[in-house]
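If you read the sequences in order, they're chains H, U, F and S. For what it's worth, this note's numbering labels the leading residue of the first sequence as 1, then goes sequentially. For what it's worth, this note's numbering labels the leading residue of the second sequence as 1001, then goes sequentially. For what it's worth, this note's numbering labels the leading residue of the third sequence as 2001, then goes sequentially. For what it's worth, this note's numbering labels the leading residue of the fourth sequence as 3001, then goes sequentially.
Think of the hints as simulated: they come from the structure by calculation, not from any bench. Values in this document were obtained by computation on a predicted structure and should not be read as measured data. Some hints could be false.
Derived, one-sided and incomplete: chain U residues facing chain F with beta-carbon distance under 8 Å [stated by the list, open to error]:
1) Gly1073
2) Pro1077
3) Glu1078
Ideal placement from N, C-alpha and C gives every residue a C-beta, glycine not left out.
Protein chains: 4
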Amino acid sequence: MWLFGAHGGLATTLVVGTRAIARGLAEARGLATETAAAAGIPWQPLADIVFGGHDIRRGDYASSAAEIHARTGTLAPELVRKLRSDLTAASKNIALGVMPNAGPTITGLAGKQRPRAGTLRQQIAQVQRDIRAFARRHRLDRVVCVNLTSTEPPLKPHAAHRSLAAFERALDDNRQQLVRPSAIYAYAAATAGLPFVHFTPSNSALLPAIRQAFAASGTPWMGCDGKTGETLVKTALAPMFKIRDLRVLSWQGYNILGDRDGRVLADRDNKRAKVATKDGVLPSILGYPLHTHVGIDYVPSLHDLKTAWDFVHFEGFLGTKMSLQFTWQGCDAILAAPLVLDLVRFADLAKRRGEAGPMPHLACYFKQPFEVDEHDLHRQWLMLTAYLERVRGERAR
Amino acid sequence: MWLFGAHGGLATTLVVGTRAIARGLAEARGLATETAAAAGIPWQPLADIVFGGHDIRRGDYASSAAEIHARTGTLAPELVRKLRSDLTAASKNIALGVMPNAGPTITGLAGKQRPRAGTLRQQIAQVQRDIRAFARRHRLDRVVCVNLTSTEPPLKPHAAHRSLAAFERALDDNRQQLVRPSAIYAYAAATAGLPFVHFTPSNSALLPAIRQAFAASGTPWMGCDGKTGETLVKTALAPMFKIRDLRVLSWQGYNILGDRDGRVLADRDNKRAKVATKDGVLPSILGYPLHTHVGIDYVPSLHDLKTAWDFVHFEGFLGTKMSLQFTWQGCDAILAAPLVLDLVRFADLAKRRGEAGPMPHLACYFKQPFEVDEHDLHRQWLMLTAYLERVRGERAR
Amino acid sequence: MWLFGAHGGLATTLVVGTRAIARGLAEARGLATETAAAAGIPWQPLADIVFGGHDIRRGDYASSAAEIHARTGTLAPELVRKLRSDLTAASKNIALGVMPNAGPTITGLAGKQRPRAGTLRQQIAQVQRDIRAFARRHRLDRVVCVNLTSTEPPLKPHAAHRSLAAFERALDDNRQQLVRPSAIYAYAAATAGLPFVHFTPSNSALLPAIRQAFAASGTPWMGCDGKTGETLVKTALAPMFKIRDLRVLSWQGYNILGDRDGRVLADRDNKRAKVATKDGVLPSILGYPLHTHVGIDYVPSLHDLKTAWDFVHFEGFLGTKMSLQFTWQGCDAILAAPLVLDLVRFADLAKRRGEAGPMPHLACYFKQPFEVDEHDLHRQWLMLTAYLERVRGERAR
Amino acid sequence: MWLFGAHGGLATTLVVGTRAIARGLAEARGLATETAAAAGIPWQPLADIVFGGHDIRRGDYASSAAEIHARTGTLAPELVRKLRSDLTAASKNIALGVMPNAGPTITGLAGKQRPRAGTLRQQIAQVQRDIRAFARRHRLDRVVCVNLTSTEPPLKPHAAHRSLAAFERALDDNRQQLVRPSAIYAYAAATAGLPFVHFTPSNSALLPAIRQAFAASGTPWMGCDGKTGETLVKTALAPMFKIRDLRVLSWQGYNILGDRDGRVLADRDNKRAKVATKDGVLPSILGYPLHTHVGIDYVPSLHDLKTAWDFVHFEGFLGTKMSLQFTWQGCDAILAAPLVLDLVRFADLAKRRGEAGPMPHLACYFKQPFEVDEHDLHRQWLMLTAYLERVRGERAR
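Isolated chain H (complex conformation):
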């Protein structure tokens, strides 16, 4: 598994957790691929996954885990101590990332550590060299890429994004303003034929041009923005209002979070991307326009313990107004890590089965599933189980 954004809290939680499961120190909780629903499929064993990745900051997993523990209480020191050698090994697989046109907030995170420079073409080549070296070093048969980088400011649409040919010309001309880091990573994966999971809302990764690149190399991909918390609850609950014909007048959401994620989203530009992927789901499920808004604010003391309050105002029989409110208190990295493991296993399975392009059966994992027009969690889950049924059926033949 190759992680873009390899030193973030999610990546650290993912590496620590996977190794803890591999060594029998933790249960494989939170993975659909480990439940009865996904039985009978030749999933990549968790214990055999090797981690590598790119990041714009230097770091190592043991100290990153200690920092996370101090902030959120997860990743217990006792556990991390037992995984020390695994974490040291994984830390050695992290190469310095790229940062073309990342915006001031993300650039600020890099600190004094300047990331790899060079032309866009040089950056892409370097990214691919790093992955190839990693695969060679660990004698890996397959590599799956996951994008976990910080949310970027939305990239303004441009003609060069619309076709692979135009995009490649822009790369040749080193037009840095037309890309962001996620675009470089996604393009590098696409042209190297590596399955790609886009777990963040950044719109630069799955530009039409880059999707064409994936198609050209026959490579599966999916995105975007992992559905971990408030939006997960929203897409589980909204169908209830539809089933009961209770008309939702307003659905107001308010998210507070700290940590690097919160800091990046405190930047109005970066926040825009996030709010966009969160705002569309309700009209799609309910079938009518409604007043809906998702506020996000930075509350440093919460660190990764994201808290969301949603207020749903709805109208029933005889126009009577009623309400439902919920408060979700979840640790984002803990919620996301098993989803990433699931997604990587699904992407790997698709690659082995010769499937290319978007993986619509993975819609339930994303706030904004690409090329799928279904946000209802329960219908998305039916798509997933139908896919698994199909795979099992084909294997049985």
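We have chain H; now place chains U, F and S onto it with these hints.
For chains U, F and S alone, kept in the frame of chain H given last:
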């Protein structure tokens, strides 16, 4: 439509609301049978429904509506004024009900007004005579019965409940301790061949013996306990935890409500029935035992504005504990009335189609759907839409 | 009582409510001046209060009350019907207001109805003429003014605001950009010697220059921004954290509301004023800087049923983090109206007692009490009761 | 400091926390006696406090701390490791407690470990011998006792509780049914002249007879039931409704908690004591009777992370109903430990100052302050600060 419990808040809301819709004074909000999902089915027109029923208290709809408005703000006086003649007409169709072995709390509600006495067989005959007279008076082709009486203390299981023959002997012997009012009403419907919807949790209505009576007369029935509020949310949300393999450690629910309903449930015996139908749904959806409890307390000032707080404690990746809490603030009669209309239409459709026995496709309407082992709201909804598809298919042929 | 903003929801609720109490149709609930704590003071009888005012929109109280009822359920039609002649009489006392430099959102509210124009001096003279005519017409001994106009965009500080002389020159020169409507109203009250209660957050009313004008005419005044909902709870709760030495890390507030108020606050400029008066209270009570933020969003379906969610993250013994969250669901006009009645009675009492300038004993009524450095609700209340004690003491002598 | 209930979670947190502060490993957060409000008083230095106590279970602080960390995340292993020798020393000071007539739930906690038996008089003598031995061993000048034992089932009132003479006869006659463990501990402290803080709701500790014993020996005491969480918030908030004359219609509280505390309270008898001390505060603050109820349920997965949901239904101007709800999520031992430290310091100060009997200035620490008729947290705090002012004044003279 024949209502057992015809003077309660739900029945009043139902009558006012249906007539308001019939006269174009309100939208038909909250009815699945009025949505696109249920199009193409020859539903009984709402405007043609005539209301009658039994109750142990005397009353009339206009003053009952005024009382409800004063308490909960629903059933606006302006609206009720426009329906005055409709309400007067409906009020004339209410006969005095029966009350064998109802328990002290319900008996107390009747006040000085003593309900019809006589042997059980006499009471049953009287109930059926009342319904027949109503049908004749209004020249009705069909009558559907709905049980909306107050929650009774659970009836202790007895051998006489297990077979129709034994039960009929108990009726012949006038063994009042073996029945409660709901048993009499349900049996009367069954033997008269009238479709029966059991909307409350009382366990005396759908005893095995009575189900045999419905089978014998080829009559459709369904129950029990309308899924209007907290349990509705619960069965919409719980599947999310299953899909994400987030292990629910505890799901604690706390309901507060006032009004006659709350007063009846403040009686420990009557509450037992309610808690029982609410407690079973989670293990069924999640597939494992868990700590779960539903508290109910009487808060007079809330009247029918039921408020429920649920706290869900769950465990994710690496054993991390997180939580979700929600507060539901709904008006129970407003939520229930359109469900009753839907159910009556479905029961009427089933009768016309010659379907007898339980109607499992109506599971989504009940906290404890009889002879159905599915509590997941979304799967229940698929059962309903599949049934509608089948009906449409048969009609097309 | 003279109301600036006489056709708003608060003013309407105030007029309806006061007349309902006067006629014995409602209890005097929510007024401190009607409780045991304020006994023995010669308060102005509520029944003798005559209402007049300015507004930029035309209207009448009966239809305004009907509109409010349709939106929030308050001001029952049955009640309003009984007050019809009182409301008609009050409606006749409303004159057209002024609107110099009010900002586009407020100007938009006026609709086609253009408010009085003319130079600033002409506008001031007109305002005073309207009040004098009202007093003469109703043979009033005393008039107290209250500012209930919509929240204005903050007025940029200017040298002309700092001294009465400079401000009067600006008025003479008709420099409209240096004022807003509240400045005109407050100045008119000050120079006419009329006690003035500033119930909104607009910063133009109590400019230093205008406070000098009140001092010059020996007139009592107080402000600003009525403490009705979320901030009330905040200033009642925050002292608890101080008493227990529980360190507040973050106090995040999120308000949602509809109606004219919400629409005006949806304008970023107008919102700035509101957030400013809400943000300062916590550091003052707790005694240290902390992360605190008050978000406000416009949710039309709520109308005046303001809902606020506050999340308090705090640290106790051994650095353990804990949390408190609350949801406040209040009807703003209903909460504010009795405060206005209290304040007017206090201002009237002060005038009669010959007190001039700010009234610090009224701090508990305001989000931002002028010339008082105390936000703790309980200490503010002690200030009020001490004042009442003093008044009673002086009367006894 | 002598702890009755020395192996509970609160006692363990207290010992670990005090030693952590003593060694400079933690801040003294949560103690009023460490804030500016309490400056200038010769408090017992925290670092010089020596811990001893009685418990019915054997144990040691290091393993008890490890168990607490596993359950609630507090008492970090890194910290506990640094205090190992301190904890071992404290563990040696714990003697086996007494258990006359403790009720089945508490008796069950003792496990196979049978507590000291003998007559009541022998048990009392043994308790006093243990404390004297501890004081001698550590050359202590003074000992203050704190009752932290599990909540007992209420002791039925009896004539023998009303006078010291009658109570002593009952002890002489070894009438075990007239006492419970807390009575024995409190009587032992009283007759030994040791200041006594009753931190739990058990009604057997401060029986009138025992209060007479404290008076006879000139010893200060105070109780009962530490005000740590939901009741703390309640007594901070309720005055706000009084100040604003918002009439509280219902105040419904619902507490969920796990751990030994929750298990003991799951026993209906033990719960009765708790609910009683929680239920009285509101009518006292508000000045009128109201519908109020405090529910408590056992939710094992929460351990000591007590969660409380309160719903306040209130009525304002024109009879409009509104609501406030809050959710408190606190760790009970963490909230209580600094209160115990404060109380012990105050009791010690009182003893040194020659004050005997109840300490009403400590009312703010208790759910049910003895011989004080004030529940408003803010007024209670004024009592405390007035006392401190007096002490400072006397010292200055």
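Status of the hints after comparison with the structure:
1. Gly1073: holds (5 Å)
2. Pro1077: Cβ of U/Pro1077 sits 7 Å from chain F, so the hint holds.
3. Glu1078: At 7 Å from the nearest chain F Cβ, U/Glu1078 passes the 8 Å test, so the hint holds.
Of the numbered hints given earlier, the model fails none.
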